[in-house]
Amino acid sequence: MAGVLHRIEHVDRRIIFLIMLVSISVPLFYPMNLPIRVSPEVRLYYEAIEALEAGDVVYLAADYDPGSKPELDPMLKASLEHLLRKDIRIVSATLWPAGVPLLEAGLDTYARDKYSREYGVDYVNLGFKEGKENVMVQLGKSFRAVFPTDAYGTPLEELPLMAEVDRFADVKLLVLISAGYPGTKEWVQQVRNRYNAPMISGCTAVSAPEYYPYVSSNQLSGLLGGLSGAAEYEQLIGEPAWGTTGMSAQSLGHVTIVILILIGNVVYLINHRRKVAA
Amino acid sequence: MSADLWVWVAAIFTLAIMSYLYKDNPVYKVAEYLFVGVASGYYLSTYYQNVMVPNLFIPVGDGVSALFGGQVTPDLWRLFALVLGIMLFTRVMPGPSWPSRWPMGLLVGAYSGLAIIGFAQGDLMAQLQDAMIPAVDGDSLRQFSESQSVGDYVINSLWVIGNISLIVGLLSTLYYFFFSKEHRGVSGHVAKVGIWFLMISFGASYGFTVMARVSLALDRLRFLFQDWMGFTIIS
Numbered sequence: 000m001a002g003v004l005h006r007i008e009h010v011d012r013r014i015i016f017l018i019m020l021v022s023i024s025v026p027l028f029y030p031m032n033l034p035i036r037v038s039p040e041v042r043l044y045y046e047a048i049e050a051l052e053a054g055d056v057v058y059l060a061a062d063y064d065p066g067s068k069p070e071l072d073p074m075l076k077a078s079l080e081h082l083l084r085k086d087i088r089i090v091s092a093t094l095w096p097a098g099v100p101l102l103e104a105g106l107d108t109y110a111r112d113k114y115s116r117e118y119g120v121d122y123v124n125l126g127f128k129e130g131k132e133n134v135m136v137q138l139g140k141s142f143r144a145v146f147p148t149d150a151y152g153t154p155l156e157e158l159p160l161m162a163e164v165d166r167f168a169d170v171k172l173l174v175l176i177s178a179g180y181p182g183t184k185e186w187v188q189q190v191r192n193r194y195n196a197p198m199i200s201g202c203t204a205v206s207a208p209e210y211y212p213y214v215s216s217n218q219l220s221g222l223l224g225g226l227s228g229a230a231e232y233e234q235l236i237g238e239p240a241w242g243t244t245g246m247s248a249q250s251l252g253h254v255t256i257v258i259l260i261l262i263g264n265v266v267y268l269i270n271h272r273r274k275v276a277a
Numbered sequence: 000m001s002a003d004l005w006v007w008v009a010a011i012f013t014l015a016i017m018s019y020l021y022k023d024n025p026v027y028k029v030a031e032y033l034f035v036g037v038a039s040g041y042y043l044s045t046y047y048q049n050v051m052v053p054n055l056f057i058p059v060g061d062g063v064s065a066l067f068g069g070q071v072t073p074d075l076w077r078l079f080a081l082v083l084g085i086m087l088f089t090r091v092m093p094g095p096s097w098p099s100r101w102p103m104g105l106l107v108g109a110y111s112g113l114a115i116i117g118f119a120q121g122d123l124m125a126q127l128q129d130a131m132i133p134a135v136d137g138d139s140l141r142q143f144s145e146s147q148s149v150g151d152y153v154i155n156s157l158w159v160i161g162n163i164s165l166i167v168g169l170l171s172t173l174y175y176f177f178f179s180k181e182h183r184g185v186s187g188h189v190a191k192v193g194i195w196f197l198m199i200s201f202g203a204s205y206g207f208t209v210m211a212r213v214s215l216a217l218d219r220l221r222f223l224f225q226d227w228m229g230f231t232i233i234s
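Protein chains in written order, with numbering that gives the first Met the number 0: chain F, 0 to 277; chain H, 0 to 234.
I should point out that these hints are in silico values taken from the structure, not numbers from a laboratory. Some clues are possibly wrong.
Calculated from the model, a selection of chain F residues having no Cβ within reach of chain H, i.e. all distances over 12 angstroms [claimed, not checked]:
#1 His5
#2 Gly54
#3 Leu83
#4 Asp86
#5 Tyr118
#6 Glu163
#7 Val164
#8 Ala178
#9 Ile236
To spell it out: a stretch of chain H is covered by chain F in this simulated footprint if at least three of its residues, at any positions, have a beta carbon under 8 angstroms from a beta carbon of chain F; those stretches are [what the hints assert, rightly or not]:
#10 192-204
#11 208-218
Here the structure is a predicted model, which is why all the values come from computation and not from measurement. Note that CB positions come from ideal geometry on N, CA and C, so glycine has one too.
So here's chain F without its partners, still in its complex pose (with noise of 0.2 angstroms):
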């Protein structure tokens, strides 16, 4: 007994791996289809984007690379689907070199090729600005002083959208899908109160419990967090997509770390007893 304790206590760590590897491969070709219950957070969200009518402007901000793209593509995405379902026009930027193609394809996807909508009419995309907090702070003064041109390098003269739209206070709401920094903490701290502008955040799951509290006073009117908010807010707008796919799998791997942690505790305490007792 005490050996197979002391082995366990000593695993090797790649068996772990191992484990884990099986325990979120299976459910992706055999899912447990478990139940997913909405939080509050995610509801604001979605009903914050609900209040929105026809024609107003939004302001997108994907500030995510690569890094981040499993776990807010498909917030992106859903937010994208619910906007233009709705009818409302978009403005986006990134302040994350990265982000460019991540945005791109999005509003390709969505705006060009699932709802046809009309670039420079119905939605903008301003591109990469380098500035982090200061770009926040001027743009609630002023798109086309941050912004002369688009990403494709047309003047915003040209672009009639951006006749209506110049700052935070001509858009009705603020959608942040961010990583980390520059991101949605800058965009409280810079833009929320300074401007008076409406802000909603879909956010990976490391920043989540940093922004609950934004939510809880009210300078975030919703928050997603990480792929279970995305799998929660695809319910919502009833368009399952990879969030919810991947919930069964990630499920199954919360629950086996879980179960890693007990026994790997309570073996280490039955074999310190018995060091303390020799």
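Put chain H on the given structure of chain F with help from the hints.
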């Protein structure tokens, strides 16, 4: 299996990076160095196109053109930013490095100003205001008194103690970071309560971090199984 060459490239590099889980090896090293090189090239090119060209080369070019009778407004003051930028490089050059302190001071000063204002109005004041709540809020107390079943009593009692636990957690955690008085006796117990609240928050952060990492692994598996191998993933 996919017929797309780039899917194969992505799959091979995904497996090369994952091979580190077995042990460090040359295949992993090649993938890692290649990634660093490609990422550096991408960022350099992006910053050149998005920062240097629109903020420096075009305005300065317009300014020079204006000097020779062009019709645009001179914007030569941006040369000052260029000089500051060059001064930053003296830090990594042989010889005196003091010129780098001026632009560094400007950067630190500007960002400190922004961060302090942002934190004060976005975090400190708003969160302080949000923390000023009644110990027991009337609505949850009414809900508790109107509970019909044992389950309702349990759930509603959690709402009743929600504000109390927030206040206790806030004060005890703040007290834990108050080091002017030794944490012994009553103050030690208060600080220990603060530690418990901190541990719970660390646990929540760890749980969310695990969720994030599992999501990343899942997406790579989806890519390998579905996009590369051609299996159907059931939703």
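Legend entry - Which numbered hints fail: The structure conflicts with hint 8 only, although it agrees with all the remaining ones.
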